[in-house]
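Protein chains in written order, with my numbering: chain A, 1 to 302; chain B, 1 to 477.
Note that these hints are calculated values from the structure, not bench results.
Warning: the hint list may mix true and false statements.
Claimed, not checked - To give a feel for the contact side, a few chain A residues facing chain B, derived at Cβ under 7 Å:
{"#": "1", "residue": "6"}
{"#": "2", "residue": "63"}
{"#": "3", "residue": "80"}
{"#": "4", "residue": "113"}
{"#": "5", "residue": "129"}
{"#": "6", "residue": "138"}
{"#": "7", "residue": "191"}
{"#": "8", "residue": "193"}
{"#": "9", "residue": "290"}
{"#": "10", "residue": "294"}
{"#": "11", "residue": "298"}
{"#": "12", "residue": "299"}
{"#": "13", "residue": "301"}
Every residue gets a Cβ at the ideal spot worked out from N, C-alpha and C, and that includes glycine.
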Amino acid sequence: MTLLLGFVAQLLHIALLAAAAPSLVGLLRWLQAGLSGRIGPPVLQPWWDLCRLLRKQPVLAESATAVTGQAPLACAAMIAVAGCLVPSFTLGMLFAPFADLLVIFGLLLAARCSLALAAADVGNTRGGIAASRVMLMGCLLGPALLLVVLLAALSAGSFNLDLIASMQQESDWQIGIVLALIALLLVGLVDTTRRETLTEELAGPSLALVDMSEALRLLLWFNLIGALFLPFGMAPAGSSVFAWVVGLAAWLIRTLLFAVALAGVRAVIGRIALVQAAQALGAAALLGLLAAAFLFAQMGAA
Amino acid sequence: MAIKLALDPLTASFLLLAPCVTLAPPALAAIAVILSAANGFTLAIGLLLLSGLASWRPSSLAAICCVVALALAGSVGDFAVIRAVPPDGWRAAAVLLLTLAGAAATATFSPVMATYVLIRLLFDLCGTGQPLWWGVPLLLAGAGISLVVSLRGALADLLDVAVSQVSLHQIGLAVMSLGVALCARGVDLPSVASHAVDAAWLAIACHALCRALLLRCADAVETGAGTRRLDCLGGVIHRMPVTTGACLTGLFTVAILPPGLGFAAFWLVFQSLVATARIGSFALGVSIAVVVLVTGISVGLAALAAMRVASVVFLGRPRTPRAAAADEVARPVQLILVGLAALLGLFGVLPVLALLPTFHWAEGATAVAALGLRIGPQTPGYAATFVAALVAAAWVALAKVIHRPRSGRREPDWSGGFSPPPAWMPFGDPTTQCGPTSFVAPIQDLVTRLPSADAVRQRLASWWDRMVRAIAARVAT
């Protein structure tokens, strides 16, 4: 029975991801435009864009290889798998035993590498530079991410996201957790910033795949931060359908709050340049280190 | 003093890796002597034989360090004596320092043998009953090695240097996990120590296989395209698809991406690192946090270095006519490359297979699970097979549902607004393509701002002079 519930929950989660990701991007654009005093595009515009791109005939550069065709697929597959592992409205989904934090971050890094290869495949300057910068950003993301993983695993005693979320539902907030949350918010803010030069050589279905992956990445970050630090209202493993409804409502509220906050931040600071991103990630790494020091001090005192 | 040989499970495990280290019969014989040495004298002879006359200085240093370390540990004549009564107090500290120096000297001609020296001397012979701090130097050294080699790999100008340095990142992880294993032994956590040794073995095996594959790929590229210089290559995928496929597999593994063998090793290293951090010691915890910070940078740098090689050498446009006319290597070499790449892929999806040799010396290889790795019977772990299957399924499903590459139209490349190349540049203007230097320009800028080794040495020398003079003046007054 638990297995069946987990299977149904997993299917629902995948459907929710597929349906919500492009809409979330549309909502963010609409909110950002509204906060900047403009009339934004309709919330469902990303859906129309995806349909338009999927109908288009693929166009490839003369020097493009199979990598240009396969890398967007690999990127989308990696992010889709990572998205399936991060819980949204309920714990105890079918893939929950495999939802390891390191695996999720590894899949995100692999998706990043796929995009870099796609950008570098044709061999023009802008693509190469974009590939270089996206990998450089990966170097800067690593320390803060691994420190947050260390903190989460130390607090919960496991790397499994489901176990961490269920422990977090019962535990109190400590200064280390707050610092880790700020660090992860900074990392998420930088990681979800779109670099258009990466996709200049892509068109049609390949571009649609990358757009969908970026939308999924955004939703994945919202779900990840929610599961790690704010899992309130999330239905426990093996719970009833009523608990799922409550979990769905909590997920919707959490996602909307994150979207409003992100739109506000983007409207205030504008486009994040590479130097600003590096500074933000450096600050995130230092916050992570500080959080670890607090946690070890508490563990030593206890 | 006589030559004494013995075959134990640790020796047998490392003998399996010997063909990945070298294929030259004299070097293989020297490796066999090192691995089966049962006393310090034989170990020293093996180290001297392996390096040969070409690098006698590091090999002599390694041999001297190992012999002195073993003498301090209790006996140069028989390993069994040291196992019975491990060193303690100042002798333990001296053994640790000398072994580290010996391993560092050995690493200049064989990194795999250096890790063997560390495992044999520190873990097998002297490792029982040592204090917690014994593992900390290895932990910090491993993190430092990972950072330095991945940085070198990212900045290298030659293909073989780049891939060799990036593959050494796994040796840094292995040293780090040996440090974790010693720390865990120091506080009586045998299962964590066992996981850490498993992690070290996975990292060493990953390094050996990746290095063998990537250096053969570099040889193949040099044979086919006539050079190893990164700024003279490019677009090799068009002419050498088999070599490219094999090399990309190796680069994927050293970039520590799931579901590769490198990621499996990293996952296990990180698990044991976190388990050790739970001991509760503030100093050790902060040290581990710093190690995690450095590891985060080094993992990102390793991925960057791997993608740089893939982008500059195999993708893009050829940078020279010779690269544009590269020829695929002979069929037997292709088979070797494909075989090594397939082996790496298999071990990535089923890391349990790579752990099989450790069953008899790493206290039962407790990290083994049905579909991957885990650190305890109740703990969900890393299911490499499942992750691989899920990614493959998603990839195929997306390709079937969305992607239609065959109906694609080819158009001239967009050169970013540059004018078309002149007729005497049939492969395009090289300045309109991102090269190996521009790929890592921000890192290069950062590194050039750091003081050089000579400047640091001069500063240290002047500081030392001032300190000696100050002490002398104080003593005189």
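Hints numbered earlier in the text: which of these fail when held up against the supplied structure?
Of the numbered hints, 1, 7, 8, 9, 10, 11 and 13 do not hold.
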